[in-house]
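Chain residues, written in single-letter form:
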Amino acid sequence: MTVKQLSIFLENRSGTMTKVLDILKETGVRIIASSIADTAEYGLFRVICTDPQKAYDELAEAGVAVALSDVFAIQLDNRPGQVADTIRRISDAEISITYMYSFLFHGKGLLVFRTDNTEEAREVIRRASLKSIAEKDLIDWE
Amino acid sequence: MIWNPNKECMSRDEMSALQGKRLHKIVKYVYHNVPFYRHKLQEMDLTPDDIRTIDDIVKLPFTTKQDLRDNYPFGLQAAPPSEIIRIHASSGTTGNPTIVGYTRKDIGVWSECMARCLTSFGVTRDDIFSVAYGYGLFTGGLGAHNGVEMVGASVVPASTGNTEKHARLIRDLGITGIACTPSYALYLAETMEKMGITKNQIKLRVGAFGAEPWTEKMRDEIQQRLGLKGFNIYGLSEIMGPSVSYECEHQNGSHINEDHFYPEIINPVTLEPLPKGQPGELVFTTLTKEGMPLLRYRTRDLCSLMTGECGCGRTNVRMTAITGRSDDMLIIRGINVFPSQVESVVLSMKEFAPRYMLVVDRVNNLDTLEVQVELRQEYFTATFDTPAAIDELKKRLSDKLRSVLSISAKVSLKAPNAIERSQGKSTRVIDLRNQK
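As they're listed, the protein sequences go chains G and R.
The numbering of the first sequence is the numbering used here, which starts it at 8 and goes up by one.
The numbering of the second sequence is the numbering used here, which starts it at 652 and goes up by one.
If you are wondering where the hints come from, they were derived from the structure by calculation, not from laboratory data.
One or more of the hints may lead you astray.
Derived list of chain R stretches under chain G, where covered just means 3 residues or more per stretch with a C-beta under 8 angstroms from a C-beta of chain G [to be verified]:
| hint | stretch |
| --- | --- |
| 1 | 672–684 |
| 2 | 847–853 |
Pairs of lysine to aspartate or glutamate residues, derived as EDC-like cross-links and limited to a Cα-Cα distance of at most 20 angstroms, are as follows [stated by the list, open to error]:
| hint | chain 1 | residue 1 | chain 2 | residue 2 |
| --- | --- | --- | --- | --- |
| 3 | R | K1045 | G | E48 |
| 4 | R | K1001 | G | E68 |
| 5 | G | K138 | G | E126 |
| 6 | R | K679 | R | D706 |
Since the model is a prediction, treat every value here as computed from it, not as a measurement.
Glycine included, C-beta positions come from ideal geometry on N, C-alpha and C.
With the rest of the complex left out, here is chain G (with noise of 0.2 angstroms):
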């Protein structure tokens, strides 16, 4: 239900983007999705890839500022209202939805998220049957 992202600390100056590039393409592992929270002082790139755990790794060791977290990633059909649909249900349940982003998976739309109750939105989206992707599917995807 959940997958891994990695959240690398970047500061905001030319050239710490490539590094951390550079390192994920001599680990060989490839970026599935990406997104950038961009603050005035700092950015957090939010990655997901095909090897989370590798990556990661090799950041840490590289002494790069990097965490694995758990979000959610939940399949969608291509059809309209599909997103509002899935958030109705989280927020519905009073949970709070810490960021977002979404990216095409084998030709459908996937939703990335994190909430404020991870436990919670587990349980929320088990009941309303929403199809979820779980590691192992990106692992896999080759």
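Assemble the complex: chain G is given as a structure, and chain R must be docked to it using the hints.
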């Protein structure tokens, strides 16, 4: 263990009498051998006979770093060149370097004082001891070296640089003691971790750390990472080099070798001597030095003195940790700020590496202070995967800084290892106000 109980455990009366006798002798010596001091004393209508007891010291003029520069290179040297057997020089980043010549007797006193320090740290002839202060013009390397030889331990003159080789030797030779700067100790720990050398593979048990100010938090971190007990050693090349004062096992201040270096605390602004126990600028008079004796030399180091017998049995006066430098002191928006205050705050938060940089600037006629700190990978957990959480961490640091410094500081987060490490004395302040 005490190297020289006769001197380190003297009664206070005996010590004062000895200091008075030596002070009279040194004043007479400089009066006859150093024109600079003769003129100063004559201007003040003083002769060596006016200085009879140690309490008379307050009549004497001060000596400053500027006096040393103005009399470059040998103006303050009292001994004839033929008696000088070694010359050290301080890094002269601004103006002339400071030149200090030592006679054979000076080197002997230095070794003796250094042996007192090392013995107090528990170093014996059975130790293998590496000296990782820079060897060369800097007094740290050779100063510590002579002391280790005097104690009879095996000295490994590692010096700085080539840290990987040093780390390997620490493991392979079973080195038990090390002398270096506290920041180098952390750099060494980091290097070892990178090389995969663990605490269990090394036998380090004693560290003699000095040449730059450090804090209890930094001590904890070094001790934890290198698995040794860290002791403070203090010194300055103008007075001698490392060995001026040293901690004992009680680690409640550093015992001063006051039979050779007489300490006073003064108000750095009014130059008035302050009563024992009050914080101020540390001043030393060398009581036995032949090469370049100095009267009331202003160290610029800020601390206070502690009297009373210590649990270790020593009776010599102790100095507290240096809380800052009277010339390091930054005046920001009219408030006195010491880099050491920032250090104590940074070290109190495990999320940050024990390194920082202060950037002082002036924007629209208002002083600004930026504190740069490094995130630590080990503590950068999933909790920090949102800007809100990171900003909260920044706020915790800036709140603490404000309460300690009484002014607000902008916190800038840097990636791990983004702040440059120094292998010697750390440079922690960039003051851009002087460059505009």
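Hints and how they fare:
1. 672–684: With 0 residues closer than 8 angstroms to chain G, the stretch 672–684 of chain R misses the three-residue bar; violated.
2. 847–853: As far as the stretch 847–853 of chain R goes, the hint is violated, because 0 residues have Cβ atoms under 8 angstroms from chain G.
3. K1045(R) - E48(G): holds (11 angstroms)
4. K1001(R) - E68(G): holds (19 angstroms)
5. K138(G) - E126(G): holds (17 angstroms)
6. K679(R) - D706(R): holds (16 angstroms)
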